[in-house]
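Colleague: As a plain string of letters, each chain reads:
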Amino acid sequence: MPVDTATVKRVARLARIAVSDEEAETLRGSLNEILGFVEHLNEVNVEGIEPMNSVLPMPMKKRRDEVTEGFRADDIVANAPVHDDGFFVVPKVVE
Amino acid sequence: MADSELTGLTLAEAQAGLGTRAFSATELTEAYLDAIEAAKTLNSFIVVTAGRARAMAAQADQRIADGNARPLEGIPIGIKDLFCTEGVNSQAASHILDGFKPHYESTVTANLWAAGAVMLGKLNMDEFAMGSSTETSYYGPTINPWRAEGSGAKLVPGGSSGGSATAVAARLCAGATATDTGGSIRQPAAFTGTVGIKPTYGRCSRWGVIAFASSLDQAGPVARTVRDAAILLRSMAGHDAKDTTSANRSVPDYAMSVDKGVQGLKIGIPREYRIDDMPPEIDALWRDGQAWLKDAGAEFVDISLPHTKYALPAYYIVAPAEASSNLARYDGVRYGLRAEGSDVTSMYENSRAAGFGQEVKRRILIGTYVLSAGYYDAYYLRAQKVRTLIKRDFEQAFAAGVDVILTPVTPSAAFEIGAKTKASPIEMYLNDIFTVPANMAGLPGISVPAGTDGRGLPLGLQLIGPAFDEETLFAAGQVIEKAAGTLTPRRWW
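Protein chains in written order, with the working numbering: chain E, 1 to 95; chain B, 1 to 493.
Incorrect hints may have been included.
Derived pair list, reagent style DMTMM-like, types lysine to aspartate or glutamate, alpha-carbon separation capped at 25 Å [stated by the list, open to error]:
no., chain 1, residue 1, chain 2, residue 2
1, B, Lys309, E, Glu33
2, E, Lys92, B, Asp343
3, E, Lys61, B, Asp469
4, B, Lys385, E, Glu39
5, B, Lys385, E, Glu47
6, B, Lys266, B, Asp253
7, B, Lys266, B, Asp243
8, E, Lys9, B, Glu340
9, B, Lys242, E, Asp74
10, B, Lys420, E, Glu33
11, E, Lys92, B, Asp98
12, B, Lys422, E, Glu33
13, B, Lys101, E, Glu33
14, B, Lys422, E, Asp21
15, B, Lys422, E, Glu23
16, B, Lys294, B, Asp98
17, B, Lys101, E, Asp85
18, B, Lys482, B, Asp259
For each label pair, taking beta carbons as the anchor points, the in silico distance ranges come out as [to be verified]:
no., chain 1, residue 1, chain 2, residue 2, range
19, E, Asp74, B, Glu395, 18 to 28 Å
20, B, Glu416, E, Glu43, 33 to 43 Å
21, E, Gly48, B, Lys40, 52 to 62 Å
22, B, Ala2, E, Asn32, 52 to 62 Å
23, E, Asp74, B, Ser304, 54 to 64 Å
If you want the footprint, here are the derived chain B segments under chain E, 3+ residues with CB under 8 Å [said to hold, decoys possible]:
no., region
24, 382 to 391
25, 422 to 432
None of these hints come from the bench; they were simulated from the model. What you are looking at is a predicted structure, and each value in this text was computed from that prediction instead of being measured. For glycine and all other residues, C-beta sits at the position ideal for the given N, C-alpha and C.
Excised from the complex, chain E in its bound form (with noise of 0.2 Å):
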């Protein structure tokens, strides 16, 4: 099913992408093209077949549940481009 450019500019809401009219215009060609490469699939029966879920068998690896690597606030926020005594700061989210 083709999208429009209504709903290309829904997915880049949903995305987190600003997207200007032009560039959702082009969006939506690349994006139907990709679609109706997928729509392939279709012709597949998969009744009764299982999802993947796991790509090599192997039960889910476990440990406890305590501190491994801790107090590294410095290292974590170093990278930020904005910080302020260990936190990362960001446009006002409250009024």
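Given chain E, work out where chain B should sit, using these hints.
Modeller: Below, chain B alone, put in the same frame as chain E:
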């Protein structure tokens, strides 16, 4: 020894020379640093860590002198920009990771340094490993060291690990790390006349490798010979508690399997890989490969992998879906680029609009769409079911006694820069038609140079094996390499 003699050595030969003190790790490293400097036009290295390389080489020389050499002591290698390297820019060739210097080291690179390897720098790639030509890099395309006979046209090295493949082919490093989500190790290896192996999913830790599609991503080496690839993989692979999908199995000494031969091996030829418009030279190459392996004692059997043609469409649902989730973290808050906005949402939207390139945006949007309410079952769930069928095809072939499967790597040799960027995205995606199925099934695949096309450009053959049987791939790959010989580009840069 002259610089070009040093850089002309394979990794195994360099190991031998270091061992007999024919030259030092420092001399070897300096030779490679000079070669990198002289090959800027290829745009394969985007960061050169000369200072670190010299320090590591000096340490290697000390250890060799002390009789404490480790498996890769003093071997200079390049690292794909997708691997986080402590204190060194790691940006996945994306604008959105501008200036990102991790405070940690990926497990694979940490393993290599612990084995004594010397880091030369970071290698160019398609942005976030999304591409088949290394043209989507924020740092501009990497140029293939190969050119068609009688032509000066610039060719792509394939992708996404085009920087790795180019650096190895052009003798700018003794080997390189790479990653493969849909063919990103094997396709560039085929385009540059190098050897590339995508190991079994779980063989190498994904920890510290910038994520693209987590159920498909796998790290592996690009090298000049099958033996070199085997030597590198042994040091890269291994269990890692920090990656929940990392396999808890011991790592064989892969170099020991290189000369095992293929006597009595049963090799499958999947009929579905004979695509309609297969160029005659690819078909001829495939037949050559069969003849060489047969001469070495292998047996051939025709097999069917009926869901092959659905691997690529299913991939273009699964990979973008996982990418849209993995790339949600680039929000202008924690690292990389921030573009201002009037509120926090517009800051996110503007940062991501400015930081991601066209191909990455396209895939994030496809992924967001196929995961969105009302479409999940029709697209993502169906694709995951098809994936089960693709994997089952391979399992049935192996259960019927096939040891390894032989196919071409790509439907063509390297193409010109810009040739496929303007057309439909599908045209670029079709490059991975023979490589994607192994990722979808989690199986190991190796690309080995097997000859050249009519214009003298390298072509590769692929071997796909059962999970965790990389050893058979090395053994069979060696037979192809021995028959076809190694390929070296004529230097023009």
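Colleague: All hints are to be evaluated individually against the structure, with a verdict given for each.
Modeller: Going through the hints against the structure:
no.	hint	in the structure
1	B:Lys309 to E:Glu33	17 Å, holds
2	E:Lys92 to B:Asp343	7 Å, holds
3	E:Lys61 to B:Asp469	23 Å, holds
4	B:Lys385 to E:Glu39	14 Å, holds
5	B:Lys385 to E:Glu47	9 Å, holds
6	B:Lys266 to B:Asp253	23 Å, holds
7	B:Lys266 to B:Asp243	34 Å, violated
8	E:Lys9 to B:Glu340	20 Å, holds
9	B:Lys242 to E:Asp74	21 Å, holds
10	B:Lys420 to E:Glu33	15 Å, holds
11	E:Lys92 to B:Asp98	24 Å, holds
12	B:Lys422 to E:Glu33	14 Å, holds
13	B:Lys101 to E:Glu33	37 Å, violated
14	B:Lys422 to E:Asp21	20 Å, holds
15	B:Lys422 to E:Glu23	15 Å, holds
16	B:Lys294 to B:Asp98	51 Å, violated
17	B:Lys101 to E:Asp85	20 Å, holds
18	B:Lys482 to B:Asp259	10 Å, holds
19	E:Asp74 to B:Glu395: 18 to 28 Å	49 Å, violated
20	B:Glu416 to E:Glu43: 33 to 43 Å	34 Å, holds
21	E:Gly48 to B:Lys40: 52 to 62 Å	57 Å, holds
22	B:Ala2 to E:Asn32: 52 to 62 Å	56 Å, holds
23	E:Asp74 to B:Ser304: 54 to 64 Å	58 Å, holds
24	382 to 391	holds (count 9)
25	422 to 432	holds (count 4)
The structure does not agree with the numbered hints 7, 13, 16, 19 stated previously, though it agrees with the rest.
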